[in-house]
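So you can see what is in the structure, the chains are spelled out below.
Protein chains: 2
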Amino acid sequence: MEEISINLRELLFDAIRSKNFPKVREIFDTYPNIDIADSVNEIDPNDIESIHYLVYIFKIIKPAFSSEFFSELDTEIQEKLITFLTNEQVGILVQESANDELADFLEEWPANVVAKVLQNTKPDQRKVINQLLGYKDDTAGAIMTTEYITLFEDTKVKDALNTIRQVGKNVETIYTLFVRNKKFDLIGVLDLDDLVFAQSDEILGNVCNTAFQSVDVNTDEEEVAQIFKRYDLNAIAVLNEDKKLTGIITIDDIVDVIEKENTEDIEAMGKVAPLKDSYMDTPIFKLAMKCLPWLLILMVLSIGSIALQNQFQFLIGTLTAVSVFLTTICDTGGNSGSQSSTLVIRGLATHDFELNAKGFFTVLWKELRVAGIVASIAAVFTFGFCMFLFAVHIVEIPDTFVNVNAHGENLTLIWLSLAGSVSITLFITIVVSKILGVCMPFLVSKMKLDPAVVAGPVITTIMDLVSLSMYFAILLSAFTMFGWTLN
Amino acid sequence: MEEISINLRELLFDAIRSKNFPKVREIFDTYPNIDIADSVNEIDPNDIESIHYLVYIFKIIKPAFSSEFFSELDTEIQEKLITFLTNEQVGILVQESANDELADFLEEWPANVVAKVLQNTKPDQRKVINQLLGYKDDTAGAIMTTEYITLFEDTKVKDALNTIRQVGKNVETIYTLFVRNKKFDLIGVLDLDDLVFAQSDEILGNVCNTAFQSVDVNTDEEEVAQIFKRYDLNAIAVLNEDKKLTGIITIDDIVDVIEKENTEDIEAMGKVAPLKDSYMDTPIFKLAMKCLPWLLILMVLSIGSIALQNQFQFLIGTLTAVSVFLTTICDTGGNSGSQSSTLVIRGLATHDFELNAKGFFTVLWKELRVAGIVASIAAVFTFGFCMFLFAVHIVEIPDTFVNVNAHGENLTLIWLSLAGSVSITLFITIVVSKILGVCMPFLVSKMKLDPAVVAGPVITTIMDLVSLSMYFAILLSAFTMFGWTLN
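Protein chains in written order, with our numbering: chain G, 12 to 498; chain V, 12 to 498.
A portion of the hints provided could be inaccurate.
One copy or two, either will do: identical chains are not told apart, so a pair holds if it fits within one copy or between any two.
Said to hold, decoys possible - Listed below are the simulated DSS-like cross-link pairs for lysine-lysine, each with C-alpha atoms no more than 30 Å apart in a straight line:
#1 Lys287 <-> Lys271
#2 Lys167 <-> Lys255
#3 Lys287 <-> Lys369
#4 Lys271 <-> Lys457
#5 Lys297 <-> Lys147
#6 Lys287 <-> Lys240
#7 Lys254 <-> Lys138
#8 Lys34 <-> Lys254
#9 Lys297 <-> Lys240
I should point out that these hints are in silico values taken from the structure, not numbers from a laboratory.
Work the whole structure out from these sequences, hints included.
Below, the structure is given as structure tokens:
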């Protein structure tokens, strides 16, 4: 990959250096824009010679190609390039670019570059871009495009195909077409294949699908993605508050949305605050600030379990061997809870079950039975595991405890009671963690918070408290039962 | 959603009960198939009356509709339905269904149902289905469809449009067309919009894109998804070992692949073995078996840290207050490592950086600098946090230790040295965990294992060992420095 990339840039720059312009055009005809852009993105934005080569490209190749190529360049290279292009060239570039992409770029470029671009934008396009910039992030309005084809309901199929041939190249998709009535209300959508298969004299009002899906400009992009997946759509209509068509969203933008939402969920599970850009594009300090808060919050949240352990110092002082199981018990509770919450969070995200009472009780009942199986097997395993640890002396009971506090008790009884305590603790811990793993995601989602972010840390914090208090309580009962003395 | 669903089923079943067949057809014209199927999926598969209603539907509605409707039904209902349909009806259903979907169903249905379906499948279709069943799971071959349009290179644009009109309805997509030469080699792909925009007398060889993307039948589906995203494709050609076109993959299947891969990554991070089906479709016992192994493996892996803690029982016996920080220290190391590994795993998955030496050192250097910032701030914070815990008596130093082992030392000095030990431990822990968080995903990926599955548990296990040994070593140095006695 990397070598191809270097070769491609050399090929392109050589062609420009030797003013072999047909060769440059041939390269753009042969290779995908993104591959050429990737090879060029490796240059230093301050390397003026290379930037000048890029300026040449924009003089030579077709505007449709150059705008697509431009959109794949790194922000820094885009900025440099715009400062070197003539006003006329910027004008052509802007005209050829998709309005939604342009709006995204404008949000990232510095003020002087934005000014140069807007100066070279025609008033009506500028109005659309400003409108797109006004929609809230992550809504249908923010990702929609305003370049689509609307056709009148009385138009004949053959005339529609001609209209598409005329305006088609400037719109985002011709695979989904929108049909309106005289009042400019959207009355149906039409897939291009339906148009191809229709009788040429039929009118659109009779061929279009009037039971179509649509979303509101304020619909969350994640919800839009769900609708695309459910109905296998290529494009969807976006309506404004007056129910008029104001834009469309196409499947390629939805693929990006799905990827972005998944990245955010995965980051949340890894206890990283969502990065706005890709990892490589995020500066060091910003990365640190995405990691630090959760580390510190979780440390502060551990105050409860620290206080609890402090109260039981006397127990640990009496039998230090009980302390060696603390981390394993807390880890298992956390892991078991995260297993359930992961399944529930993902199930809610993919609409495997719904966020309502029925969904909740179905899942809770299912997880309770899973918990029964998992906790029973884990408890038996743990008991054996602990006995093994004692038997091979990986964990030792100090002689002083055996002789003084346990009054010279049989060592095996001490082993059995400790292994039993750990085992019972784990049984309870796993059951409670699975219940919490179901309740928290439902509760947090109902509160309109992101369960991937909030559920994990809360479960871990509560589970540490539950596991430790169970463990200490069971140990104390064992001590009392066998009449062992506490220091 | 739920209410609409119930109403829709009532509407449909009422129409069938009253033999109002035009109404049934109207329902199928008005509502998306998936919504109707969803409403019907709520019935009990053993409710023979309802199943009979479904059989009626297949008698009444257009075959194209019924196959799409059928594909959205639950497996159990599909099975029942097939046993009630006549051989002829099954034959029509099979003929109308997409081969790739049929192959997927056949893998799930019981033998008697499979037999009935295959008996009613024409020989050539049966051959294709058997071939599809032979491809390895998660490869391009397994998700491709064999229904597409190939056109000859010398065909004129206008004739191509006519051909598409004739065969189009039976193929998966007409938005991407494939162009072959006399030897049946694939020489180019053609988007439908290019065909719509082309001169009607032009031949396809001149309009098609000859620099197209393609994949091999054995290409991993995740890699196919990457290519779709990179090049914004609608469909891609799948070639066999002889480089001949054998199938195509369309964007709607890729959306499912992306979702599935992300679900697997999220499940792996939540320490759940990947479920083959959705959560609701996975039986209780299977769910338990997806959760148990990691719980037990992680418990066994904790043997090292248990052994280590056992060796330092004497230290905990001397000053029990040191034990209260154990879980917090281990948790922080694990959290910090999972932050880095999450970012690295996601970066590798989305090709934000490449799996090679350059990618590794770039990311390592970046994370080292992030670690410097995070560790420094966290260490200062932790020091303050510990001092606060001592000052407000959330953590107490037993009087016996102060008087006996620390020879009546000033309490503040003991606080300072303990807080200092925790703080230095955390600094080292965070730096090491970030280095591991970069190394492990790269190493595991290079070994062709799934980093989302393997990296997390290994990092946690190693980090527990590193954090605990650092903590105990630093504490011992502090004891020595101040001349405190160990029990």
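> Which of the numbered hints are not met once you compare them with the structure shown?
Replying inline: Failing hints: none at all.
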